[in-house]
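Working from the sequences, and respecting the hints, build out all of it.
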Amino acid sequence: MGLNDILFAIFSFGALSSAIAVVLTRNTVHAALHFVGHLLCLAVLYCLLNAPLLGVLQVMVYAGAVMVLFVFAVMILDMGEQEHAPLFNSAGQALGAGILGALLLGLLAWGLGRGGLDQALAPAGAASLPGVETDNIAQVARSLFREGALTFEAVGILLLTAVVAVMVMAKRKLES
Amino acid sequence: MSPLYVVLFLPLIGAVINRLFGARLGKRASAGLACAAVLTAFAFAVSAFLGLSALAPAARSVVTPVYGFLTVGSFKIGFDLLLDPLSAVMICVVTGIGSLIHIYSVAYMEEEDDAEYARFFAYINFFVFSMLTLVLAANFMVIFTGWELVGVSSYLLIGYYRGKTSAADAGKKAFIVNRVGDLGFLLGIFIIMGVFGSLDFGVVLPHAALLGAGSGLATATALLLFMGAMGKSAQGPLYVWLPDAMEGPTPVSALIHAATMVTAGVFLVARCHAIFELSPTAMGVVAWIGGLTALYAATIAMVQADIKRVLAYSTVSQLGYMVMGVGLGAYTAGFFHLLTHAFFKALLFLGAGSVMHALHGELDMHKMGGLRKKMPITHITFVIGACCLAGVPLTSGFFSKDEILYMAIAGPHASLCLWVVGYLGACCTAFYSGRLVFQIFYGKPRDHHAYDHAHESAWPMALPLVVLAVGSLAVGLLGLPKFASSWQPFSDWLAPVFADVKTAPEADGGSLVYWLMLLYTATVAFLGWLSYQWFAKENPKPTALAARWNGLYRLLWNKYYVDEFYQLVFVRAFLGYSRWLWRWVDQGIIDGAVNAVGGFAQHLGALLRERVQNGQTRQYAAFLMAGVCLLLGLVFIYGGGR
Amino acid sequence: MGLLIFTAAVVANFAGMIGASAVLGPKRRNAVKDEPFECGSLPVGPNRTRFHIRFYLTAILFLIFDIEVVFLYPFITIFRNELGLYGLEVMGIFLLVLIFGLAYEWRRGGMEWD
Amino acid sequence: MFGVGFVLALALAIFSIGAFGVLTRRDPLVMFISIEMMFNAANLALVDLSNYLKLVQGHALVFFVIAVAAAEVAVGLGIIIAIFRTEKDVNVDHLSELKG
Numbered sequence: 001m002g003l004n005d006i007l008f009a010i011f012s013f014g015a016l017s018s019a020i021a022v023v024l025t026r027n028t029v030h031a032a033l034h035f036v037g038h039l040l041c042l043a044v045l046y047c048l049l050n051a052p053l054l055g056v057l058q059v060m061v062y063a064g065a066v067m068v069l070f071v072f073a074v075m076i077l078d079m080g081e082q083e084h085a086p087l088f089n090s091a092g093q094a095l096g097a098g099i100l101g102a103l104l105l106g107l108l109a110w111g112l113g114r115g116g117l118d119q120a121l122a123p124a125g126a127a128s129l130p131g132v133e134t135d136n137i138a139q140v141a142r143s144l145f146r147e148g149a150l151t152f153e154a155v156g157i158l159l160l161t162a163v164v165a166v167m168v169m170a171k172r173k174l175e176s
Numbered sequence: 001m002s003p004l005y006v007v008l009f010l011p012l013i014g015a016v017i018n019r020l021f022g023a024r025l026g027k028r029a030s031a032g033l034a035c036a037a038v039l040t041a042f043a044f045a046v047s048a049f050l051g052l053s054a055l056a057p058a059a060r061s062v063v064t065p066v067y068g069f070l071t072v073g074s075f076k077i078g079f080d081l082l083l084d085p086l087s088a089v090m091i092c093v094v095t096g097i098g099s100l101i102h103i104y105s106v107a108y109m110e111e112e113d114d115a116e117y118a119r120f121f122a123y124i125n126f127f128v129f130s131m132l133t134l135v136l137a138a139n140f141m142v143i144f145t146g147w148e149l150v151g152v153s154s155y156l157l158i159g160y161y162r163g164k165t166s167a168a169d170a171g172k173k174a175f176i177v178n179r180v181g182d183l184g185f186l187l188g189i190f191i192i193m194g195v196f197g198s199l200d201f202g203v204v205l206p207h208a209a210l211l212g213a214g215s216g217l218a219t220a221t222a223l224l225l226f227m228g229a230m231g232k233s234a235q236g237p238l239y240v241w242l243p244d245a246m247e248g249p250t251p252v253s254a255l256i257h258a259a260t261m262v263t264a265g266v267f268l269v270a271r272c273h274a275i276f277e278l279s280p281t282a283m284g285v286v287a288w289i290g291g292l293t294a295l296y297a298a299t300i301a302m303v304q305a306d307i308k309r310v311l312a313y314s315t316v317s318q319l320g321y322m323v324m325g326v327g328l329g330a331y332t333a334g335f336f337h338l339l340t341h342a343f344f345k346a347l348l349f350l351g352a353g354s355v356m357h358a359l360h361g362e363l364d365m366h367k368m369g370g371l372r373k374k375m376p377i378t379h380i381t382f383v384i385g386a387c388c389l390a391g392v393p394l395t396s397g398f399f400s401k402d403e404i405l406y407m408a409i410a411g412p413h414a415s416l417c418l419w420v421v422g423y424l425g426a427c428c429t430a431f432y433s434g435r436l437v438f439q440i441f442y443g444k445p446r447d448h449h450a451y452d453h454a455h456e457s458a459w460p461m462a463l464p465l466v467v468l469a470v471g472s473l474a475v476g477l478l479g480l481p482k483f484a485s486s487w488q489p490f491s492d493w494l495a496p497v498f499a500d501v502k503t504a505p506e507a508d509g510g511s512l513v514y515w516l517m518l519l520y521t522a523t524v525a526f527l528g529w530l531s532y533q534w535f536a537k538e539n540p541k542p543t544a545l546a547a548r549w550n551g552l553y554r555l556l557w558n559k560y561y562v563d564e565f566y567q568l569v570f571v572r573a574f575l576g577y578s579r580w581l582w583r584w585v586d587q588g589i590i591d592g593a594v595n596a597v598g599g600f601a602q603h604l605g606a607l608l609r610e611r612v613q614n615g616q617t618r619q620y621a622a623f624l625m626a627g628v629c630l631l632l633g634l635v636f637i638y639g640g641g642r
Numbered sequence: 001m002g003l004l005i006f007t008a009a010v011v012a013n014f015a016g017m018i019g020a021s022a023v024l025g026p027k028r029r030n031a032v033k034d035e036p037f038e039c040g041s042l043p044v045g046p047n048r049t050r051f052h053i054r055f056y057l058t059a060i061l062f063l064i065f066d067i068e069v070v071f072l073y074p075f076i077t078i079f080r081n082e083l084g085l086y087g088l089e090v091m092g093i094f095l096l097v098l099i100f101g102l103a104y105e106w107r108r109g110g111m112e113w114d
Numbered sequence: 001m002f003g004v005g006f007v008l009a010l011a012l013a014i015f016s017i018g019a020f021g022v023l024t025r026r027d028p029l030v031m032f033i034s035i036e037m038m039f040n041a042a043n044l045a046l047v048d049l050s051n052y053l054k055l056v057q058g059h060a061l062v063f064f065v066i067a068v069a070a071a072e073v074a075v076g077l078g079i080i081i082a083i084f085r086t087e088k089d090v091n092v093d094h095l096s097e098l099k100g
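Protein chains in written order, with the working numbering: chain A, 1 to 176; chain B, 1 to 642; chain C, 1 to 114; chain D, 1 to 100.
What the hints contain is simulated information worked out from the structure, not anything from laboratory work.
Calculated Cβ distances over 12 Å to all of chain C for the following chain D residues: (1) A9; (2) I35; (3) N51.
Cβ-to-Cβ under 10 Å is the rule here; a few derived chain D residues that face chain C: (4) H59; (5) A60; (6) F63; (7) I66; (8) A67; (9) A70; (10) A71; (11) V73; (12) A74; (13) V75; (14) L77; (15) G78; (16) I81.
Listed next, the in silico EDC-like pairs over lysine to aspartate or glutamate satisfying Cα-Cα at most 16 Å (straight line): (17) B:K164 x B:E116; (18) A:K171 x C:E105; (19) B:K172 x B:E148; (20) A:K171 x C:E112.
All C-beta atoms in this analysis are idealised placements derived from N, C-alpha and C, irrespective of residue type, glycine included.
Structure follows, in structure tokens:
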């Protein structure tokens, strides 16, 4: 039970509990905050899984920028104590959602538990690739820009469209 | 190109041209065309007849194929024509009398407009064509085709006066009743095909024994064929359509319902005599039905007021005699009566037609009388016809009818009571033919207005009357009784056809024949005198007699209420059944099913719109999720690692 | 491993300060202290004022360009010695596209703060 | 003690919770957060497996996933705000103009 495992246990439990909290809280702001906690726990998990770059990235981009937007949105929509009504608006719906969630969970678990995981996950070709220490940033960058150059350009264009989209929406709102 | 092609197809061509271009041709041309077609057909028929007689008696059956109709594996049917003594006589009768009637109807149908005129001639030509097909048939398929064509043309001709609903109904009635008969005929054909594997007369008739002499199958086949004959020749229960068929124009009644079509049934029985010979029971049934119909129809004929109805019932009864003759195995006698009857009955009908023409459509005998002076030719010819019908000695009717009655006693399947029935029928016949003559032509004119108008009809109507009168007398000489003359042209002519029939021991009946002849002469004389007394002079007796036996009189007058009975039993039951069928089966099941499908689709659509696509984003998410689960499940079940 | 120690130290320091003040500090409550501090002036209107939309606009643009920058971090580690001209091309296009986005946004007046 | 299966199970759990959240919550923002949570679950699984298989492509993919998620949030929130500024009503169920 090395330090590693202890941390691992703590933070995975933290992540799970904050996830559940996000779904179940009444107040939207609380949900947002819980989600931030969730993200941080995940970041730590990434570090534990030899992916410090991603952990930092997660914290910076995700927790930082995305959650800021969320809080902004909450502020702008002036939601606050909205959820007075019961969590689900009808028993049937809750039941249905529960069943679906359980089904999904069951299926995935059954998938995992089916074993043959290694066989499935270790594609024949992959074994030949040189296994590299994952926390070497240069390696990540190399795969990012050499092999994934095309995807990289695509993301560029995606971001461009996002900018344009936001501008279009903003423009209309500013005039209204 | 044997003459038969011309005989058969010329009337058809005439009919087609008349029907298609009739209106434009004008009366003269269309009438001319039609008569020319039938006359040339008659000429060729006679030449075919002579050609056949040139052959040796045994070889007198020539099959000429026209068109290979159907070959299914080993089973082959061709549209072939068979010329043998029997059909030779028939084609001459059909075309001969047909042409006379064509000439007669040129004048008779004068007042119709061009289109209707041409239509009439087209139909009559078509009828001659179909009758020839029937007569010249070489196998059961062709004879059945002829059978149906004749049925259609009789329907068309009966319903000629389209305006009159009664004519249309009579047409329908004739067609439907014939169909009932045809059903039996068809079943018979199926059995024959099943047993023999072929329909050609050449194959079936010589090997008729295959059916098993006297076996149930033979009787069944014979009776089924006879059912067809009954339908067509108005015998037994299926006679009802003939009296109503008088709705058609008189030449039609003369041609179809006297001379040719109605004899088709007798022709069929004569043609398939080999099958009938096999089962005595069938023969007995045929004979008895013939006899009973003869007596039954004769009794009705005695009281009818309308000339054409009287003649119609007399035709039914005379046909009864022919069927009785054929049923007794006396095919030659039966056929001879057919021949003579064709002549004098056509004569009587045409006579009635000219009387009607003269009195502008007046048919009721009670309004006539004393036309003797006004219409001399019609009068004389009508008297000759009536004498033949009654069986006055030395006339053709006498020889042919008494030959049948003689066969009833001395024939192979003789039975005394059948003779009695026949004899009673003969008495009635004599009585009503006398009544016909005296009520129309003698005594004082009852309806002066009509009487003044009466005039002798034009030459195209009078000529056929004279020819037919001479013909009906001359024909009688062909079949003189054995003892009278050794010269037996008619039976010699038909001998080869009926060679295989166990002919009656003719010779020894000499003395019996004398006595019979004497008896018939006496009865005819007495009944002639009686009818003269009652009808020529204004004698109250008949009305008194009718009053006293009123019940019987009314029964006869209403034709034993047969029509009403049929109406009640068959027609109403059938209508009820079809109405039920329509309401439950059709509406309920079929329409129901269709509506159900339609309704279901509609509900499904509404349901989908309502439940599924209702804008609830979360519902969409749920479906999405369900989809994911499904895919995952599939992947795990079927996919799995490499 | 070093990173973990560093994070732990940060968290400890942070928690320590707040905890000490909460534990040691005097706790005398009264109405005035509980109100949110408004630089001395009395609080006016609901505490949650409505933000103008343009603040939101800036935040979103920040997010998008933040991602752009994040992509640069790994790029830099291998740009100097390995990628050379090729790297320049790849990043050049990426930056060009985003600069185009910036130009568009500028043009449409997303930046005016009025 | 904590093998690759455990982390995967955790990722799966988080994913299911995210899904459950999307299905049940009426508030659009919470739904949005749940969706982000599902994104993160995917990232976690990626990281876990790339660590297990010693593959670096996993990390590159996580980069892209985060970029996409960010873009998605930007546009999504923009839309949500655009809708709710006009409607003044936050409940998702009341929004059904795009009906079939």
